[in-house]
Amino acid sequence: MLMGYANKKKLIKIVLTVFMAVLAILMVLPFAWMLSASFKPDSEVFNFPIEWIPKTFTWENYIKVWASDIPFPTFFMNSVKVTVLAVIGEVCTSALAGYAFAKIKFKGRDLAFLIYVSTLMFPSQMMLIPRFVLFKTMGIYNTHWALILPGMFTAFGTFMLKQFFESIPEELTESARMDGANHFIIFTRIVLPLSTAALSALIIFQFVSMWNEYEPALVYLRDVDLATIPLGLKYFQDESSTSYGAVMAASVCSLVPIFIIFLTFQRQFVQGIAISGLKE
Amino acid sequence: MSTSTTVSAVKKQQGHGALSKHENLIGWAFLSLNLAGYILFKLIPLIIALVLSFCEWNFVSGWEGIRFVGLENYGQLFSDEVFLVSLRNTIFYAIATVPIAIFIALIFGVILNDKVYFKSILRLVFYLPNISSMVAVSLVWMFLFLPSYGPINEFLQTIGIANPPRWLNASSTSLLSIAIVGIWQVLGYNTIIILAGLQGIPESLYEAAEMDGANAMWKFFKITIPSLSNTLFFLTIISIIRSFQVFTPVQIMTEGGPGTSSSVIVYYIYTTAFQYNNIGYASSMAWVLFLMVFVFAAARMRFANKGD
Amino acid sequence: MKRNIVALFLVILLIISVLGGCSQESSPSTSSSNGTTNNSSTGTSSTSEPYKVHFWAWTNPDNVKPLIEQFNKDFAGKYELVYEKLADAETLTINTALASGEPIDVMTQSGAFDTRVRADSGQYLALNEFFDAWGKSYAELLGPAAEEVYNFDGKYYAVPYCRNIQVVYFNKKMFDAAGVPYPDPNWTWDDFRETAKKLTHGEGANKVYGVMADFANEYWREIAMQKLGNFWYYNEDFTATRFDDPAVKESLQFWYDMAMVDKTCVPLDEYKALKYDNDTTGMNGLYQGKYAMLLVPVYGSLYLNESYGKIPEGTDIGMTNMPLPAGSSKPITTFYTSTASIPANVKNKEAAWTLLKYICFDRADLFAGPKAMHPGYDFETAEERRAFEDIIFDHPGLDKDMAMQVMALPRDLVCEDNSVIQGQAVINELIKADISKVFNGEMSVDDCVKDLKSQGDAAIAKDLKK
Numbered sequence: 048m049l050m051g052y053a054n055k056k057k058l059i060k061i062v063l064t065v066f067m068a069v070l071a072i073l074m075v076l077p078f079a080w081m082l083s084a085s086f087k088p089d090s091e092v093f094n095f096p097i098e099w100i101p102k103t104f105t106w107e108n109y110i111k112v113w114a115s116d117i118p119f120p121t122f123f124m125n126s127v128k129v130t131v132l133a134v135i136g137e138v139c140t141s142a143l144a145g146y147a148f149a150k151i152k153f154k155g156r157d158l159a160f161l162i163y164v165s166t167l168m169f170p171s172q173m174m175l176i177p178r179f180v181l182f183k184t185m186g187i188y189n190t191h192w193a194l195i196l197p198g199m200f201t202a203f204g205t206f207m208l209k210q211f212f213e214s215i216p217e218e219l220t221e222s223a224r225m226d227g228a229n230h231f232i233i234f235t236r237i238v239l240p241l242s243t244a245a246l247s248a249l250i251i252f253q254f255v256s257m258w259n260e261y262e263p264a265l266v267y268l269r270d271v272d273l274a275t276i277p278l279g280l281k282y283f284q285d286e287s288s289t290s291y292g293a294v295m296a297a298s299v300c301s302l303v304p305i306f307i308i309f310l311t312f313q314r315q316f317v318q319g320i321a322i323s324g325l326k327e
Numbered sequence: 048m049s050t051s052t053t054v055s056a057v058k059k060q061q062g063h064g065a066l067s068k069h070e071n072l073i074g075w076a077f078l079s080l081n082l083a084g085y086i087l088f089k090l091i092p093l094i095i096a097l098v099l100s101f102c103e104w105n106f107v108s109g110w111e112g113i114r115f116v117g118l119e120n121y122g123q124l125f126s127d128e129v130f131l132v133s134l135r136n137t138i139f140y141a142i143a144t145v146p147i148a149i150f151i152a153l154i155f156g157v158i159l160n161d162k163v164y165f166k167s168i169l170r171l172v173f174y175l176p177n178i179s180s181m182v183a184v185s186l187v188w189m190f191l192f193l194p195s196y197g198p199i200n201e202f203l204q205t206i207g208i209a210n211p212p213r214w215l216n217a218s219s220t221s222l223l224s225i226a227i228v229g230i231w232q233v234l235g236y237n238t239i240i241i242l243a244g245l246q247g248i249p250e251s252l253y254e255a256a257e258m259d260g261a262n263a264m265w266k267f268f269k270i271t272i273p274s275l276s277n278t279l280f281f282l283t284i285i286s287i288i289r290s291f292q293v294f295t296p297v298q299i300m301t302e303g304g305p306g307t308s309s310s311v312i313v314y315y316i317y318t319t320a321f322q323y324n325n326i327g328y329a330s331s332m333a334w335v336l337f338l339m340v341f342v343f344a345a346a347r348m349r350f351a352n353k354g355d
Numbered sequence: 002m003k004r005n006i007v008a009l010f011l012v013i014l015l016i017i018s019v020l021g022g023c024s025q026e027s028s029p030s031t032s033s034s035n036g037t038t039n040n041s042s043t044g045t046s047s048t049s050e051p052y053k054v055h056f057w058a059w060t061n062p063d064n065v066k067p068l069i070e071q072f073n074k075d076f077a078g079k080y081e082l083v084y085e086k087l088a089d090a091e092t093l094t095i096n097t098a099l100a101s102g103e104p105i106d107v108m109t110q111s112g113a114f115d116t117r118v119r120a121d122s123g124q125y126l127a128l129n130e131f132f133d134a135w136g137k138s139y140a141e142l143l144g145p146a147a148e149e150v151y152n153f154d155g156k157y158y159a160v161p162y163c164r165n166i167q168v169v170y171f172n173k174k175m176f177d178a179a180g181v182p183y184p185d186p187n188w189t190w191d192d193f194r195e196t197a198k199k200l201t202h203g204e205g206a207n208k209v210y211g212v213m214a215d216f217a218n219e220y221w222r223e224i225a226m227q228k229l230g231n232f233w234y235y236n237e238d239f240t241a242t243r244f245d246d247p248a249v250k251e252s253l254q255f256w257y258d259m260a261m262v263d264k265t266c267v268p269l270d271e272y273k274a275l276k277y278d279n280d281t282t283g284m285n286g287l288y289q290g291k292y293a294m295l296l297v298p299v300y301g302s303l304y305l306n307e308s309y310g311k312i313p314e315g316t317d318i319g320m321t322n323m324p325l326p327a328g329s330s331k332p333i334t335t336f337y338t339s340t341a342s343i344p345a346n347v348k349n350k351e352a353a354w355t356l357l358k359y360i361c362f363d364r365a366d367l368f369a370g371p372k373a374m375h376p377g378y379d380f381e382t383a384e385e386r387r388a389f390e391d392i393i394f395d396h397p398g399l400d401k402d403m404a405m406q407v408m409a410l411p412r413d414l415v416c417e418d419n420s421v422i423q424g425q426a427v428i429n430e431l432i433k434a435d436i437s438k439v440f441n442g443e444m445s446v447d448d449c450v451k452d453l454k455s456q457g458d459a460a461i462a463k464d465l466k467k
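Protein chains in written order, with the numbering used here: chain A, 48 to 327; chain B, 48 to 355; chain C, 2 to 467.
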């Protein structure tokens, strides 16, 4: 009976794996196209029907990206710097603010939260010009701070963490309070350790969105030496055409850090560890 | 609202006076760091945009070229056919994508949580559409959707549909096609949020249910979904916001066409502001969008508070 | 697990602090570079450093290297060219650059609408004084068509640095195989249509089309432009549209018949899905035999070069004029331009003009030439033309002699650029919307023309009221 149950579970697991793997093919198509395009000469990139395996295989694009006059390594390091600083900043400020919204009853909380959430709706594109004006007066135009600072204080992260913090049972935090713990201790000792999954998800999201941010970089940065990867990709664009082979090679390279971040942090999605350990 | 009783109990305990004053202080202190940046980088630009929405300004001219026009921009909005069509399309897009994408992600989340082998690779693969280059994404989909001999229509023809839809190339289906791409693209993203939410559900709840002989369906509807209520609330709001801001797929795949059948609000804002230099008018559209959500969210909050 | 995260954070922090250190070193050095040039007199060397002229364009830096080197050689000790690469030619990109307060001596741009907006906003210097001092007239140098478009109430704020002349490239081998004679440069649109029919064959994914016309360049309006001239959809005093002119309907109907009736032209859905709007892909389709004729500006031949991928052995591409409307006596060719301007707040006008003149006139062969574009000016002699086109048409697989013979024929030019403000923004969007309906079979030609007329007129009237 017990063996049968385990076997049945195993079977379901295999079936589901196959099912998800089949769906995964649809998910992987654009990535496969990127990869194959990055090994093609420009004239064959858009050949039709799609040639998944390059007819003419070439490393030319990767050489163009890494070893030409275009300072791609600089773009890469700029992206790392901007993204990492913004993500760390965001996680810190959002966690504090999220805790305030979720676990502290203070005057004006609901109104402040309402404003936070609804400003998310304001299209970021319409922030470009006002921020451009603002950054020029602040003197951070054409510096990385113009990208990092707005990335550090987001309503999105606050909202997300607030929701996750709220789902931590009130009994847990309240009993700690009874024991005389202050908010800071509850925050660092109970709420944060119980929220590694949410924090990891936020890190992944924010990393990806900062890493791919194009328009702010276009508007707030001027020097070539400061450009991030999405802006730097424009160097493969000429008067009237784009070297898509090189763009795809650069895009493939720029996915590597995202893969690392993703695979590192998704490991935190392990059910039960946190709560079950504490529950008893 | 399962915790509402405990919350109200806590409320009573807290009482008045020094303690709540202290709580206020602590609350704002925790918030302050984020709030300072938020005011500087979000509220101030937002207010600049509000001022601009009452002006006619093309940005190139510098501040000398700004002209105050009062409510003219707002007045113009509601007789602007393209704006109204874009608004309607955007709402349709939100309705078409949000519930489906959340529902599928919920199932995927549960499966990818621990019911498959190679789960970290599979999770990454489902997240790939979010991070692949938009050129690659749109190209692959435009090819799949190609009316004459794209794979989707070839398949439909083999199963006997003589006149398959023209997808991106027909007014009646262009927005729907973009919605399909939208759902496909957002699945991985939603799945991660669900996955993060699932980690907060104590294993013991499932174990107890299994003892009682509950089946998978029962567990899903009676344990998983209720326990995810906070996560799902967040996911719903964020999905609505994201769907209202859909832009890049439209820009790359249809440019709002055929006609204005797939024009969405941010696409229209973008072309108005940055292609035709009409920053003031575009700002007024953005503000209308913002106000709509504000009213909606405020109403929802009131409602939720009354529920308490 | 938790410890892992902490460790990861520490590593990341370490990286950042290192990076932060690097950037702090580098950022003041870039910003102080202007300062050092001014202070150079305090240094030991007595020679004054050359004045830096800042040139902003979106051409790939590799391709402007010869220009930069030559300029710095020609003006050694006096000027030094600093090249600033724009991310692209979009309105937002150039507007923010202009508003950034960075030093700009020459700004390039595409699109006459934006140029007009910037000029009207006082961003640009009127260039008349320089032409006067030079003793040349703008119209004589740059031709009447461009002059009419870029004459803003008697002032010139922009100089075209290139002419993108619309031509037809064709795959000779496909003509030979079908037994169709190569087109005569004086051919008409009817000839063109018949030729396309003869060259079209096959079905589905293997269909070979007679023609590929870049929809984004709006080929459907070419006949109207040939017949109506500059500012084709405005009436004489720019107070209304002339979409009701029979030439407009004729033009649209012609292309509608090609694409939707004869089906001899790559249809809009395939054009978009197969990325033919990318010039490299467009030329690739021609030499790979997906279609026999390609309507593009002259620079389309650039993509025959090896740097874009190897072309097949024996590729043989011919070139001829865009067809003429029946009854025209000599070729009427349309073209569009990109232009160069000098910001109004430029520090050293003389230097800026020197650079502008250098890229537009003196050494156009180093700026427009390598991009396979004609210069913005008219050639004075046949030798001059030959020397320049020697650069433009020097690509593998292209019948250079044929191309040069065709280009040497006398022709009338019509400028596609539109510098009229009233109504243009709305009309451009309107055209995009309606045309996408027509070429997806959702709107008739008559309805389209009617809609363009009524809505276009309303847009102009509304803007004029302001």
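Be aware that a few hints might be false.
To be verified - Capping the alpha-carbon separation at 27 Å, the derived lysine-lysine pairs in DSS-like fashion look like this:
1. Lys-183/A - Lys-53/C
2. Lys-68/B - Lys-57/A
3. Lys-166/B - Lys-281/A
4. Lys-156/C - Lys-358/C
5. Lys-60/A - Lys-162/B
6. Lys-350/C - Lys-331/C
7. Lys-311/C - Lys-102/A
8. Lys-68/B - Lys-56/A
9. Lys-68/B - Lys-60/A
Stated by the list, open to error - Per the computed footprint, the stretches of chain C lying under chain B, defined by three or more beta-carbons under 8 Å from a beta-carbon of chain B, are:
10. 86-100
11. 259-271
12. 438-452
Rather than coming from a laboratory, the hints here were simulated on the basis of the structure.
Just so it is clear, CB atoms sit at the ideal spot from N, CA and C, and this is done for glycine as well.
**Request:** Mind taking a look at whether chain B covers the stretch 259-271 of chain C? Criterion is 3 or more residues with CB to CB distance under 8 Å.
**Result:** holds (count 4)
**Asked** Are the Cα atoms of Lys-156/C and Lys-358/C separated by 27 Å or less?
**Response** Satisfied, since the Cα-Cα distance of roughly 17 Å is no more than 27 Å.
**Message:** Can you confirm whether the C-alpha distance between Lys-166/B and Lys-281/A stays at or below 27 Å?
**Reply:** violated (36 Å)
**Restraint status (C-alpha distance of Lys-183/A to Lys-53/C at most 27 Å)** = It holds: about 24 Å lies between the C-alpha atoms, which stays within 27 Å.
**Request:** Starting from Lys-60/A, check that the Cα of Lys-162/B is at most 27 Å away, please.
**Result:** holds (5 Å)
**Asked** Given the hinted pair Lys-350/C and Lys-331/C, is their alpha-carbon gap at most 27 Å?
**Response** violated (42 Å)
**Message:** Against the 27 Å threshold, does the CA-CA distance of Lys-68/B and Lys-57/A hold or violate the hint?
**Reply:** Distance of about 56 Å is beyond 27 Å: violated.
**Item:** Within 8 Å of chain B (C-beta), three or more residues of the stretch 438-452 of chain C
**Value:** holds (count 4)
**Item:** chain B covers the stretch 86-100 of chain C, three or more CB atoms within 8 Å, holds or violated
**Value:** holds (count 6)
**Asked** Straight-line Cα separation of Lys-68/B and Lys-56/A no greater than 27 Å?
**Response** violated (55 Å)
**Satisfaction of hint between Lys-60/A and Lys-68/B, Cα-Cα up to 27 Å** = Violated - the C-alpha atoms of Lys-60/A and Lys-68/B are around 54 Å apart, more than 27 Å.
**Prompt:** Is it true that the CA of Lys-311/C sits at most 27 Å from the CA of Lys-102/A?
**Reply:** holds (12 Å)
Against the hints set out earlier in the document, violations occur for numbers 2, 3, 6, 8, 9.
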